[in-house]
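Whole structure, please, built from the sequences with the hints as guidance.
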Amino acid sequence: MLELNSISTFYGNIQALHDISLRVEEGEIITLIGANGAGKSTTLMSISGIAPPRTGEILFKGKPIHELSANKIVGLGICQVPEGRHIFPDLTVAENLDMGAFLRSDKKQIEKDLTYIYDLFPILQKRRNQPGGNLSGGEQQMLAISRALMARPQLLLLDEPSMGLAPLVTKQIFDIIKKINREHNTTIFLVEQNANLALKVADRGYVLETGRITLHDKASTLLSNEDVQKAYLGI
Amino acid sequence: MISLKDIQKGLLVSLWFVFLTFPLLVIKVNPIERVITWRWFNMLWIALGSFSCYLAVKAYKARQLSRQKRIKQGVIKERTAWSGRILKEPGIYIPFLIAVGLFALVFPWIFSTYQTNIMVTALMYIVLGLGLNIVVGVAGLLDLGYVAFYAVGAYSYALLNLHFGLGFWTVLPIGGLLAASFGILLGFPVLRLRGDYLAIVTLGFGEIIRLILENWNDFSQGPSGIANIPRPGLFGMHLSLDQSITYLYYLVIGMVLFTIFVVNRLQNSRIGRAWFALREDEIACQAMGIDKTRTKLTAFALGATWAGMVGVFFAAKTTFVNPASFTFLESAIILCIVVLGGMGSIIGVILAALILILLPEYLRAFSDYRMLAFGAVLVTMMIFRPQGLIANVRRIYTIPEE
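Same order as they appear, the protein sequences are chains X and C.
Numbering follows numbering that gives the first Met the number 0, in which position 34 of the first sequence is assigned residue number 33; successive positions increment by one, without gaps.
Numbering follows numbering that gives the first Met the number 0, in which position 78 of the second sequence is assigned residue number 77; successive positions increment by one, without gaps.
It is worth saying that the hints were derived from the structure and are not from the lab.
A short, non-exhaustive set of chain X residues, derived as facing chain C with CB atoms under 8 Å:
1. S47
2. I49
3. A69
4. N70
5. C78
6. P81
7. I86
8. D89
9. L102
10. A150
Each computed BS3-like pair below joins lysine-lysine, with the alpha-carbon atoms no more than 25 Å apart:
11. X:K71 with C:K291
12. X:K178 with X:K217
13. C:K71 with X:K125
From the three backbone atoms N, C-alpha and C, an ideal C-beta is built for every residue, glycine too.
Rendered as structure tokens:
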């Protein structure tokens with residue numbers, strides 16, 4: 000579904016990604032794990048067009064997307080949940096969700112999706128008239144994911160959904176991620192620091208080290224890999 | 000309620016104010032007769048004034064605090080603000096609107112030409128404020144050079160009339176379009192800028208336009224300006240000065256209504272929502288698939304359009320334009336209208352424009368202290384109502400009962 004062919008991304012003169020290549024198949028959950036500053040978020044930014052790669056190509060369903068602007072890429076069905084949630088703090092929860100459906104015009108389907116999301120996260124329905132900034136961290140993360148879902152993405156890019164959340168809330172969010180993947184057949188590209196958790200939900204995983212992919216295997220194999228255990232799982 | 004400590008602090012505050020204003024308000028040097036007059040009474044007034052102001056503020060704050068406490072304890076219910084009530088209850092706002100409408104309609108017939116003239120100026124600033132409100136209030140792009148578009152409009156009428164003899168009605172849309180294209184011209188280089196940096200560039204842009212007009216003599220006739228610009232015509236009828244001011248008054252009323260209608264529609268439209276989103280969070284905006292470039296440029300262009308049209312109107316009203324009318328002070332006043340009124344709030348901007356433009360006119364007797372009062376009003380506002388006179392109604396929200 001998504002294919003990155005040896006992309007390199009720069010911030011000014013600093014190279015953040017070196018020849019990254021990876022594949023995401025339809026319907027699976029892929030995770031990218033790595034330490035701080037390894038380039039996990041940059042990889043997502045490159046896919047979504049916010050920090051486009053300087054060399055290499057990105058193919059979505061066989062078509063190159065690395066030269067499109069960020070808004071066009073969303074239109075193709077790739078939606079990103081940015082790191083740190085980035086909800087609209089002064090808009091209400093309902094308006095935030097509405098913004099997610101910005102590019103869509105099928106009103107009936109939007110209504111249906113909204114009920115689905117309120118089913119998924121009942122707390123959001125309760126809080127729908129409150130400004131997004133008043134929500135707790137976990138609720139904001141739910142809102143950010145829901146907002147992305149409102150765009151009906153085929154590929155959902157999740158950047159550190161567990162950041163700053165209590166373990167219990169994190170678990171709840173990961174359960175929902177699995178549910179979305181199953182029920183909607185949404186392909187999920189998950190970037191996560193909490194490697195243990197990420198590898199448990201994912202089908203396959205890639206390990207990123209200072210801008211280079213060093214390992215790639217089935218998630219269960221990675222979980223039992225000695226090097227990975229030492230470096231990322233703290234075992 | 001007011002403790003000894005407050006009084007002590009008040010004394011210190013008033014002492015500090017006396018010290019600050021001492022060179023300005025107490026010493027008066029007369030360079031011709033070479034004498035210095037010491038105005039000790041001024042010092043006394045300042046000391047008394049600042050002391051009582053300080054105590055009044057303290058008392059007000061204490062009262063508010065105790066109110067909030069009582070609301071929490073459930074002794075009294077929370078009141079909605081009077082502004083919110085006027086806007087919400089149809090029983091109040093429909094008669095209110097009708098009264099305002101009638102008053103606006105008969106205004107030139109009850110009051111003198113002078114009053115009407117002032118009112119025309121105030122109404123022009125309402126349109127300017129609403130235009131800038133799109134850029135600053137709704138899209139969150141701080142624009143300190145808004146007066147540049149105003150100048151573009153005014154000069155487009157002056158020059159097109161001078162060289163090609165075009166009339167007011169022809170130039171009105173042209174002026175708007177020209178200003179819009181200048182808005183886009185400014186928009187492109189500042190696409191990547193935000194906050195303070197954006198403010199500095201727009202400030203520079205405003206100065207560039209003014210300096211070009213001032214120094215490019217062949218093009219704009221330099222500082223001496225362009226005179227004898229015709230007033231708008233009414234089906235070729237000849238109007239006396241009084242009549243044409245009345246006519247201008249109704250024109251500007253029409254313009255205000257049109258602006259309110261369009262701005263209101265814009266805010267509730269798709270592009271309006273994109274602007275709100277852009278103001279809140281740019282990254283999230285992009286992640287939602289909003290075209291950042293286009294959204295920013297339309298905000299600049301649409302905001303500038305109004306300034307351009309009011310500019311044309313301004314040239315027609317004063318029949319004379321020169322670069323001195325388009326200084327940074329104008330931008331600052333228009334920005335003050337938006338901030339004072341409440342970012343993004345249409346009613347607030349209207350109220351603030353009327354206050355900021357009409358008050359200085361009626362208080363001409365104290366014109367020496369105008370800027371002083373201006374500063375004081377703004378500081379007071381920032382302390383007591385940082386959200387503006389009438390905050391944007393979109394921000395009102397309810398928490399449902401559990």
